[in-house]
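Protein chains: 2
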Amino acid sequence: MITENQYFDGQVKSLGYETTEGKSTIGIINPGEYEFGTANKEIMQVIEGKLTILLKGKTEWQDIDAGQSFEVSPNSSFKVKTEVQTAYLCQYR
Amino acid sequence: MITENQYFDGQVKSLGYETTEGKSTIGIINPGEYEFGTANKEIMQVIEGKLTILLKGKTEWQDIDAGQSFEVSPNSSFKVKTEVQTAYLCQYR
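So the sequence lines, in the order shown, correspond to chains A and B. Heads up: the first sequence at position 26 corresponds to 26 in our numbering, and the numbers run straight through without jumps. Heads up: the second sequence at position 10 corresponds to 10 in our numbering, and the numbers run straight through without jumps.
Be careful, since some hints might not be right.
The list cannot tell twin chains apart, which means a pair is met if one copy fits it or any two copies do.
[To be verified] No more than 16 Å apart at the CA atoms, straight line, and that leaves these computed lysine to aspartate or glutamate pairs for EDC-like: (1) K81 x D65; (2) K23 x D63; (3) K58 x E83; (4) K50 x E18.
Keep in mind that the hints were calculated from the coordinates and are not lab data.
Work the whole structure out from these sequences, hints included.
Below is the structure:
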């Protein structure tokens, strides 16, 4: 099954699927700033575009370019902002 | 705008967006075999999973693993089969 998700009034949309190593989603983030919560550990990779992120407890925003990734702890949150439509891969594992 | 597309009764779903270099889509292909036509040149990259593809006019199927890509000519077609849910990036440029 391919699940469809959307957040922030459709400013972020994703498609969910399963791999032998765990669940994943791919998605698009429209220009803007958003905050996401995590239940499980997430590995986020930028596929195309660019994100600037702020992990919970940190004070410095960090640029994540295409091909780069960052990890988010379980039961945490992060802020993300972007100036361009950005495609990402999120792996729950 | 993030466009939502689906093909083959929802066995393939994608999300479309725009970059400074042209349109792109990211999508998921469920296990099965499908044939796609192209209007424009497409660069297809496997993000997660694995595809086996047959370009129009070719006789040999070709494996495309995660991280690998292939090009499809405009006004052409290709067959694709997969045994696992596979995430892809398609760049029109």
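Taking the hints in turn, this is what the structure says about them:
no. : hint      : verdict
1   : K81 x D65 : within (12 Å within a copy, 31 Å between copies)
2   : K23 x D63 : neither (25 Å within a copy, 23 Å between copies)
3   : K58 x E83 : neither (21 Å within a copy, 41 Å between copies)
4   : K50 x E18 : between (25 Å within a copy, 13 Å between copies)
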